[in-house]
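K.L.:
Sequence:
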Amino acid sequence: MSKKAGPTRGLALAWVGCGSKRRGGEGMILGRGNWKISGALVFNLPQGYTCPGAGACRRYCYAKHGLFKTKQAMLAAWKNYESAKDPAFAENMLTALKHRRLKRLRIHASGDFFSLEYLQAWYRVARAREDMIFLAYTKSLPFIMEGGEPPYNFIILASLGGKYDNLAPELEAKGYIRGLTVVIPDISQAPRGWYVCPATIPGLKHRKACGRLCDYCWRPQGSKRVVFIQH
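In terms of the working numbering, the sequence shown opens at residue -14 and continues consecutively.
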């Protein structure tokens, strides 16, 4: 059974019934993109509360503002957090994905991997859905180190500026992450040779550039260096 929530401007949320009350999984909420992301599902968690590796980003996190702070989006994030703690999360997510046509899933436009068990549940989802691409930016690098090699279709980029940046070189050498990202306040501060995310460039914001004008981060091949301009 499907129940849709009313649209909130660019953030259209869909209720996907999966799991069962008996197992604690009454459903989870997948977004259909946002102002930045096009052609992908989005699974969000509460920002900060689920970010054990966060550092300075706690002060300027974009998920503390705008549409992420609407009542609808916040309720969805907390609903997802309850679903994510369910031991049957992987099975419930696979059930949810049966009803969705999009083949890309952005994990955590807000929030992060809060436990090793939760990360490994996502790995099980990705291995069962080889037809999809899963993308996550994370500061929860100790869990990535413990979790072993991710599935090929599970792209992890280390988001620098957290507590565990020192683990990034080893993770990249092992192939557990596909590159690095950094947030800067102004494009003039972009490191030489790094790719600037067009979805954060003034003039291209709010145009769903990610996935429509650019798919750089979604490509499984190669090691990436990505700059996001703070917004």
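Treat the hints loosely; a few may be bogus.
[Claimed, not checked] Calculated pairs, EDC-like style, for lysine to aspartate or glutamate (alpha carbon to alpha carbon, straight line, at most 20 Å):
| hint | residue 1 | residue 2 |
| --- | --- | --- |
| 1 | Lys88 | Glu157 |
| 2 | Lys56 | Glu102 |
| 3 | Lys159 | Asp200 |
| 4 | Lys70 | Glu102 |
| 5 | Lys70 | Glu155 |
| 6 | Lys209 | Glu134 |
| 7 | Lys209 | Asp150 |
| 8 | Lys64 | Glu76 |
[Stated by the list, open to error] Beta-carbon label-pair distances, calculated as ranges:
| hint | residue 1 | residue 2 | range |
| --- | --- | --- | --- |
| 9 | Arg86 | Pro154 | 15 to 23 Å |
| 10 | Met59 | Gln206 | 16 to 24 Å |
| 11 | Ala175 | Lys83 | 35 to 43 Å |
| 12 | Arg197 | Gln57 | 19 to 27 Å |
| 13 | Met59 | Arg112 | 16 to 24 Å |
Calculated from the structure, these hints are not laboratory results.
Just so it is clear, the structure is predicted and the values come from calculations on it, not from any experiment.
Every residue gets a Cβ at the ideal spot worked out from N, C-alpha and C, and that includes glycine.
K.L.:
Now tell me, hint by hint, if it's right for this structure.
P.N.:
Hints, one by one, checked against the model:
1. Lys88 with Glu157: 25 Å, violated
2. Lys56 with Glu102: 28 Å, violated
3. Lys159 with Asp200: It is violated: about 24 Å lies between the C-alpha atoms, which goes past 20 Å.
4. Lys70 with Glu102: Satisfied, since the Cα-Cα distance of roughly 9 Å is no more than 20 Å.
5. Lys70 with Glu155: Roughly 29 Å between the alpha carbons, so the hint for Lys70 and Glu155 is violated.
6. Lys209 with Glu134: 17 Å, holds
7. Lys209 with Asp150: 16 Å, holds
8. Lys64 with Glu76: With Cα atoms ~17 Å apart, Lys64 and Glu76 stay inside 20 Å; holds.
9. Arg86 with Pro154: 15 to 23 Å: 38 Å, violated
10. Met59 with Gln206: 16 to 24 Å: The hinted range 16 to 24 Å is violated for Met59 and Gln206, with Cβ atoms some 36 Å apart.
11. Ala175 with Lys83: 35 to 43 Å: 41 Å, holds
12. Arg197 with Gln57: 19 to 27 Å: Because 24 Å falls inside the window, the suggested range holds.
13. Met59 with Arg112: 16 to 24 Å: Since the Cβ atoms of Met59 and Arg112 sit about 31 Å apart, the hinted range of 16 to 24 Å is violated.
Going down the numbered hints, you'll see the structure goes against 1, 2, 3, 5, 9, 10 and 13, while the others check out.
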